[in-house]
Each structure stands twice: as structure tokens, then as C-alpha cells.
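S.K.: Listed below, chain by chain, are the residues.
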Amino acid sequence: MTQTLLSVRDLSVEFVGHKSTVHAVNGVNLRVNAGEIVGIVGESGCGKSTAVKGILGLLQPPGQVTGGEAELAGHGDLLAMKNKQLRRVRGASVGYVAQNPFGSLNPIYSIEVQFRNILRAHGEPASQKIARERARTMLANVGIAGPDRVLDGYAHQLSGGMAQRVVIAMAMLLEPELIIADEPTTGLDVTVQRQILDLIRDRVVDSTRGILLVTHDLGVIAQYCHRVVVMYAGKVVEAGSVETVFGDPAHPYTSALLGAIPRPGHELTRLRGSVPDLRVIPTECSFKPRCDYEFAACSVSPNLREIAPDHLVACHLSERVGHGTS
Amino acid sequence: MALLELEGISKQFHARGGKGIVRAVNDVSLSIDAGETVALIGESGSGKSTLGRLVLRLLEPDQGAVRFEGIDLTKLNTKEMREVRARLQVVFQEPFESLNPRMSVGDIVSEPLIIHNRAMNSSEREIRVRETLERVGLRPDSATRLPGQLSGGQQQRVGIARAIITNPSLIVLDEPTSSLDLSVRAQILTLLADLQRELGLAYLFISHDISTVEYVSQRIAVMYLGEILETGPVTDVIKDPRHPYTRALLSSRLSTDPNESLPRLRLIGDIGSPTDVREIGCVLAPRCPMVIDACRDRKIELEPFAPHHDVACIRAAETSDALLASSSSGIEYN
Amino acid sequence: MATSPPNDSERTKAAKPTGQFRDFVQMHPIAVGGAFFIVVLILASLFAPLPYDPELPNPEVGISPPSADHWFGTDITGADVFSRTIAAAWVDLSLALAGTLLSLAIGVPLGLATSVKRRWSDNLVRGMDAFQAFPLLILALVLVSLSGNKLYMVVVAIALINIPRYMRLIRSEVLSLREARFMEATTAMGVPLPRTLRKHVLPNVMGIITAQTTLTMANAIVVIATLSFLGIGVAPPTPSWGSMIRSGSSNMISGEWWIALFPGLFVLICVWILNQLSDAISDFNTRTTR
Ligand SMILES: Nc1ncnc2c1ncn2[C@@H]1O[C@H](COP(=O)(O)OP(=O)(O)OP(=O)(O)O)[C@@H](O)[C@H]1O
Ligand SMILES: Nc1ncnc2c1ncn2[C@@H]1O[C@H](COP(=O)(O)OP(=O)(O)OP(=O)(O)O)[C@@H](O)[C@H]1O
Ligand code: SF4
Ligand SMILES: [Mg+2]
Ligand SMILES: [Mg+2]
Chain G
79 MTQTLLSVRD
89 LSVEFVGHKS
99 TVHAVNGVNL
109 RVNAGEIVGI
119 VGESGCGKST
129 AVKGILGLLQ
139 PPGQVTGGEA
149 ELAGHGDLLA
159 MKNKQLRRVR
169 GASVGYVAQN
179 PFGSLNPIYS
189 IEVQFRNILR
199 AHGEPASQKI
209 ARERARTMLA
219 NVGIAGPDRV
229 LDGYAHQLSG
239 GMAQRVVIAM
249 AMLLEPELII
259 ADEPTTGLDV
269 TVQRQILDLI
279 RDRVVDSTRG
289 ILLVTHDLGV
299 IAQYCHRVVV
309 MYAGKVVEAG
319 SVETVFGDPA
329 HPYTSALLGA
339 IPRPGHELTR
349 LRGSVPDLRV
359 IPTECSFKPR
369 CDYEFAACSV
379 SPNLREIAPD
389 HLVACHLSER
399 VGHGTS
Chain Y
23 MALLELEGIS
33 KQFHARGGKG
43 IVRAVNDVSL
53 SIDAGETVAL
63 IGESGSGKST
73 LGRLVLRLLE
83 PDQGAVRFEG
93 IDLTKLNTKE
103 MREVRARLQV
113 VFQEPFESLN
123 PRMSVGDIVS
133 EPLIIHNRAM
143 NSSEREIRVR
153 ETLERVGLRP
163 DSATRLPGQL
173 SGGQQQRVGI
183 ARAIITNPSL
193 IVLDEPTSSL
203 DLSVRAQILT
213 LLADLQRELG
223 LAYLFISHDI
233 STVEYVSQRI
243 AVMYLGEILE
253 TGPVTDVIKD
263 PRHPYTRALL
273 SSRLSTDPNE
283 SLPRLRLIGD
293 IGSPTDVREI
303 GCVLAPRCPM
313 VIDACRDRKI
323 ELEPFAPHHD
333 VACIRAAETS
343 DALLASSSSG
353 IEYN
Chain F
-1 MATSPPNDSE
9 RTKAAKPTGQ
19 FRDFVQMHPI
29 AVGGAFFIVV
39 LILASLFAPL
49 PYDPELPNPE
59 VGISPPSADH
69 WFGTDITGAD
79 VFSRTIAAAW
89 VDLSLALAGT
99 LLSLAIGVPL
109 GLATSVKRRW
119 SDNLVRGMDA
129 FQAFPLLILA
139 LVLVSLSGNK
149 LYMVVVAIAL
159 INIPRYMRLI
169 RSEVLSLREA
179 RFMEATTAMG
189 VPLPRTLRKH
199 VLPNVMGIIT
209 AQTTLTMANA
219 IVVIATLSFL
229 GIGVAPPTPS
239 WGSMIRSGSS
249 NMISGEWWIA
259 LFPGLFVLIC
269 VWILNQLSDA
279 ISDFNTRTTR
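Residue numbers (our numbering), protein chains in the order written: chain G, 79 to 404; chain Y, 23 to 356; chain F, -1 to 288.
Hints are computed from structural coordinates only; laboratory data are not their basis.
Predicted model, so just to flag it, every value in this text is computed and none were measured.
Incorrect hints may appear among the rest.
To be verified - Cross-link-like lysine-lysine pairs, in silico, DSSO-like; alpha carbons within 27 Å at most:
id : chain 1 : residue 1 : chain 2 : residue 2
1  : F       : Lys115    : Y       : Lys97
2  : F       : Lys115    : F       : Lys197
3  : F       : Lys148    : Y       : Lys101
4  : Y       : Lys101    : F       : Lys197
Take the sequences, apply the hints, and build the full model.
M.R.: Structural data, given as C-alpha cells:
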């Protein structure tokens, strides 16, 4: 039986402004099992980072979680935790790799000191020597050839790829069961990207660990993830195994995204319009204005339904007999 | 005659904040025919943008000639160069940063006309601007907007409108879609392809995304540490890369088909620093799994391997996945 | 074949200047109210019938505290403090404005020039730095008193103090602007230098110039007040806030606070308003382009 590491139910996040409120995440459900890499994809602004930060209690005001739960195996609901407890879980049980690596490195401390601080914050009072040894091992694990040089250096001396690897090493330092990585490779060269992804994957395969990987690169999902969650306008529109979702997409948005990948000899699908304004809660399907298949039923927002084992879709089309968008 | 011909151009910089010199572009030759798309691919820091700037004469080459329509641009004075700029345009990666935030879209798009089509009066200009905006898929009434009021995709359309309004024959596209979302990227790529077909434009398409390059270009040039290592028709190069670097680069691409896994080749070590490029010998030698002594002894020139397909590797004929993989086995990560 | 229809979402916002002004008023009502106050003050000082002749001593009344007849009281000569304070507004503010405009007129082109032509400008900038290290108020003092208290020298002194500031500001702004991607696009288009300066550089430094100008005004008001407090520049009986504070200061101890307090308050209010305005302009400036 597969063990569920993280189970998020009905997560909602709002950014409350004085003139309007942005409903950035609206009832998101997702699950990460042990030994699994789960990808979240979607266009920019669809709420991927916000959802992840919501789960980890890292939202800055005016952002606030307005509902839902995030059950972490063995720890209970993250969203119900007190700050102090949450801080202990973060790092020790859940590692977080933020979207911008330099944002999570402190420019004024050497890399070594930052590793030591993590250990200290989690009550692992290691001697300076042991701490350095652990940091070195971790850096070597993420494929950094000269870990000593990196440890003695500062953030600004690192290239983007190196900084990203350092941040990943930090996230993995305390061997957390779950790693949440927000676009860990966006903006990096393909060669570096693959090294980092390989490294992340090696931590999970045949283990009790799991990874939640945010990206908007469909190639990353196809090659590295077991399951995928497709988000659109703050909602999950399709979820399931990568083979199923990529091989037989049931939501028109997923099909459109897949069709927008440039392939020689193929016309590119032109997805009309752009992501909707998240300040208004739509009553209709939020993809309707851009959808080629919309019909009468679409004026009511569809719910996420299981159309096959482990294949969830939020689209009225799938309720019709002989569904399909291709 | 080729539309653009680069002949042995080089550009060096003083390293930023450090010592030493950066050989950003080193003895590069390349040509582009009218109506053709040539893609320039390579990892970050390989000198792609620098090469683009040399073509546009936003930078002066230290050596070599940039011949556009048969004229060596490096010999022209500012005024003569201005004349040429109407037919030689550019679109940058950052859609917002490349537009003046305080100028309306209409003013931005009409500016090249004001400079290059002096005879045009303002109402003719206005008509032309409207046509061009519609041509790139923007509503004519967006002319009154400021760039900050448009989405990223629309901003990039404005950049494209500005580039095509003077009927150029060559546009340097420096990663025009890299900062855009997948769906918007598809729209912009389609637009660029349509414009090329209708207006007979030639593109120098700089990118690091192989699937984009494969989709848009006819020819491809692979850059590494300031040098072109392989160039040829896109299908030939991608199907059968002869340079070990090209092969490694292509093998790191991620297929979007979950059932297809491409063979994976790794080079030894990290991308070298452009400050310590060797004087002689192959630039890839320190990382190349196929390296032999001869690679380090002399300068490795780009030489014809097949018709129109040039490779800068003395073992080009032998290159194969097996050879690369076998010699790199046992090598540490990366 | 035609390309896809206009299809990315569009955010709407007022782009016209009138709309921008309305936005500014809505966002910064205090600053706008303050600016309005200063304008009214200047107009009143120029055109409004004052209750008494500000320069006319009235020995019969002598010194008297604020009353229904004399709202701000009277000074030792019996002149009406209210009338003098209002009349001084034009004297002080016009000098400040003239000084500011002169520094603008010289400082901005100089800043532009030094940012375009780098070679000789580095020396000029270094020279200006050395000049700024000099205690400028003393320089102003010396200049004005040597000229025999000519008012235009007050204007020149203010300009001398502020020209290097403008120059530095514009220069550093333009130098960072030159790195902007759209400036590179400008070069690629072949836009000639004068047009580049006019259409691309100036509009993008305008906001910062305006913000700095209001600060310069505030600074000039203080300099003028200081000079006339020291008895230089505007000389009595012509009313000026500085000289009024000076003549009133000796009465402070004896309890006749109103003579110095009211002009002092006006200096304070004007400086405060101009600072508010400067903040508001910088804030608005960064917001309108995003
Ligand atoms: N501080 C904030 N105040 C108001 N709205 C916000 C704030 N932060 C984010 N948002 C909005 O929330 C939505 C989701 O943003 P989020 O950063 O989660 O998107 P994302 O899917 O991670 O996009 P990307 O791919 O660009 O990282 C967006 O519409 C964004 O405009
Ligand atoms: N003005 C400059 N001064 C100093 N070094 C520079 C300058 N411009 C570029 N370089 C250096 O030249 C090399 C090539 O840079 P270039 O921007 O051409 O690379 P690129 O291939 O376009 O990379 P990317 O994919 O990151 O855009 C880099 O090492 C860069 O740091
Ligand atoms: S020339 Fe030698 S070192 Fe260079 S790529 Fe070919 S085999 Fe490798
Ligand atoms: Mg994000
Ligand atoms: Mg570049």
C-alpha cells in the first residue's frame, strides 16, 4: 500500500486588498505519496507558488489561508499548527526550495554559517566541525565539486546553478520526508537543469520520501514526475498519472497546453485570451472564455470529478458520454 | 550573396569586477540568407547576445567584418549606419524593459518611421502604425496605452511591431519568447512565422530552447564559450549532431512525451569560465569525453563535415553516443 | 493568413494627462492641498488687499499682542505682523523660485551633458564634488554681502548651492537609464542623440527632477530665511520671514512671542508642504509606470 505523505484538501488563499480581494487559490486538492514526484503545472499567475506557500505557512500579508487543510503524515494539519510548531516541521520534515534561490540565501553570512544556522535552529547542536562535515557531504551530494570553496564563500559568488544547488542542499540537510520545490530549475541552462532534477529524483526513487515540484515546463513533468496536477485560475482542473494526463488529456486546457509545445511539422495550438482576473469569483467555468468546446453546461463552475481511477477532471465535457478533447 | 556575413569577428570584455578578460565572442564566422532563420543556441554565457549586439553594431567588434547587404558595417559612420538600421532590427527577451515606460504604444511604434521615413506625414504615419499594430495582433486602440498597461505577450507584440514597421530584411531576435508563458509563446512564434512568410524577413534567432529552435529555424549554429562549434541545417544537426558538445546539449533536452526517454550524455565538470579560455586547442577539451592529445595541440577550426554542415571537432566522424557514454562512465556528477 | 485576434488581457487605467492628475489628487490629497495653500498664499501676497500697509510703522499702536484688529499682533514699530507675514510670502517665495529655476536651467543640461560625454565630465564632476564640500551657506553669505546686498545675488547663491546637486542627480539617473534595455533598442533604431535625450531620457528623469525641485524650493526658503535672519539679503523695511524672526527673536524673552512665531510657522509650513509634495511626486512616479 502506498503511504500518503501530504494530503491537501480544499486549500484556499486570498490576498485581501482595500479595494478588491484576489482569490489566488480556490479549493485546491492534491496528494503526494511516498516515493513519488508530483508536479504542479499551469500558466504564470495561476496560483502555484501561492498554494505552496499557503501549505507551508509562508504567505506574507495581505495573503492569508482562508480554508482547507494540509495533512502531513505523522504531524497532523499544517494549516492548524502554531507558528513555532510549524517552524520546527519546516526544514526538519518538509524542505522548501523557493522560486528564487538568491532570495533564500543571506548575502551577509558565509554559506557555511547558513548551514550551521539551519542545524542550530532545529536543535541539532553540532560542533563546528561536524556541522561543516554535514554541509560538505550535502553539497557533494548535490554535485558541487569543490564544496569547501563554496562553504567559505558568499551567495553573490555563486552562479545561478550553483546557488540553486546550495539551496537544495540546505532543504535536504535534515533529510525531510517531503521536499516542496518551486520552479527549482526555471532560468537555468538545460544541462544544469537536468543535473538538478536528476539529483532531486535520486532522493525519492525507492524511498519513503516524496517531492512536490512546481514548474511550468511540461518536459520536466513528462520526464521526472509520476503524477501531475494541472492548475488554472487558482483551481485544479486536472490531476492524475503523467501517462494518463499527457497521453489522454481530459481537460481542454491541458490539451491546449500540450498543443502549444513547438514541434517541427506541427501547427501550434493557439490558446486564445489569457488567464482571468482573479479578483472576481466566476460562477461559470473559469476556462469557458478561452475554451473551444464550451457548451450550455459550462455556465456553471464544474467540480473536480474522478473519471477513471486516479484521474480527476473539472470539466463538464467529461460528464458527457464519449468525452475527449482530441 | 548572403544577406548577412560575419567574418572572423571577435569581442573581448574586461571581466566585470574582476581581473582578466572575457572572450565573449572568438573568431566567429556565420552567414544568413534573405528570408532564412538561423538559430543560435548555447548555454548561458556562451556569447549569443554579444554576437547579436555585434551584428546590430550595438558593440564594436575587436576584429573581423560584419557584412550586411554586402557592406561592412564596421566601416560605416553613425549617419551611414543609421541608414542601414531601418533594415536591420532587433527584438529583445525582456518585453517590458525594452519599451520606454513613459511613451505610448503608438509613439513607440511610430518612432522608427519618424527617423527613417522622413517624407511621411503624420496622418500617413498614423495609418501605418494602425496597420502594423493590427498586423501583430493588437487592437489599434492600444496605441494610446502605456507599456505597463499591457500583458507580457502584448508588450512583446509591441516590440515586434516596432521592429517590422520600417520593412527590415533582418531581425535579430534575442530570446524573444524565453520570458513568456507557454501559450503566449506559441502565439508569438506563430506570429513570427507568419511575418517571415509574408514579409520575407530573415531572422537571427537566439535561444537556448531546443524545441523552439527546431520549430522555427532552417539552420542552426551551436555556440560554446564564444565559439561556434557546429553549424548546419537544423534537421541534420539535431538528428545527427557531430560535435560532442552539440550531442550533450541535445541530450539534456526534456521530451514532453512521458514514454520517450532520450539517451543522456554528460560532459565532465561545469561550463568553463570564459576568462580562462585556452589560447590554442579545442574549447571543449577540458570537458570532452572524447578528447585526445591532438585536440590540445592546435586551434580546431570549423570544417565542412557534410554539405552545409560544419563541425569544429577533429573526431567529428567518430562521434557517437556510445563513444561519449563509454568514455564518460565513472565520471562524477555533472 | 491573418494572425490571431487581439487576445491578451488588457488592464485599463487612465493614460491621459488629465486622468493622471486626477489619480495624483486622489492618491495624495494632503500634498495637493498643501500645494494649493502655497499658490493661494502667493496670490494673496501679490493681489489681496492687506488690512494694513506692511511697511508702514505705526508708533501710536506700538507693540501689541494678537487681537481682532491685528490677527497676528504688531511688532515694535507697530506694523501689522499679519500683513507683513503675508507680504513676505511673495518676497521670499519668488526669490526661492527664481533661485530654483536658475539651478534647474543650468543644472539639468549640465547633468545631461556630463552623462553623455564621459571623458571631460569626470573632471567636472570631481570639481563639483570639491565645490560641494565647501560650506555653501558661508559662500552664499560672502557672495551676497560682497555684492552689497543685491537681491539677485541671493538668487545666484541659491543656484550655486543647487546646481551641483542637480548635476549629480541627473547624471546618476541617466547613467543608470543608459543601461536600460529600451535605450539599447533606441540605439538599434538609430534614434539621433537629441531626440533620445528629449523623448527617452528627459521623460524618464522628469519625475525625479520635479521631486528634487520641490526639495530645492524648500531648501531655498530656508537659505533665504537664514540669510535675512543674519541681516543679509532682503533688508527691512521690506518684509521677509527671516528678518521678521530676527527682529522678533529679541522680544521672545520678554514674552512678545507673536512677532517671531508667525513668520517662523510659515517657513515651517512651506517647507513641510514642499517635502510632502516631493514624496508624493516620487511615489506617484514609481507607480504610474508599473
Ligand atoms: N501580494 C499579493 N497581493 C495581491 N495579489 C497577489 C500577491 N501575490 C500574488 N498575487 C496574485 O496571486 C495570483 C497567483 O500568484 P502566484 O505567484 O501564486 O502564481 P504562480 O502560479 O506561482 O505564477 P508564476 O508561474 O509566475 O510563478 C496571481 O494572480 C497574483 O497576481
Ligand atoms: N559588457 C560586458 N562586460 C563584461 N563582460 C560581459 C559584458 N557583456 C557580456 N559579458 C560576458 O560575456 C560573456 C557572454 O555573454 P552573453 O551575454 O553574450 O552570453 P549569452 O550567451 O547571451 O548568455 P545568456 O543565455 O545568459 O543570455 C559572459 O561571460 C558575460 O559575462
Ligand atoms: S575536438 Fe576533441 S576535445 Fe574537442 S570536441 Fe572533438 S573530441 Fe572533444
Ligand atoms: Mg510562482
Ligand atoms: Mg543573452
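S.K.: All hints, please: hold or fail.
M.R.: We went through each hint and held it up to the structure:
| no. | hint | verdict |
| --- | --- | --- |
| 1 | F:Lys115 / Y:Lys97 | 23 Å, holds |
| 2 | F:Lys115 / F:Lys197 | 18 Å, holds |
| 3 | F:Lys148 / Y:Lys101 | 50 Å, violated |
| 4 | Y:Lys101 / F:Lys197 | 20 Å, holds |
In summary, the structure is inconsistent with hint 3 from the numbered list given earlier, while agreeing with all the others.
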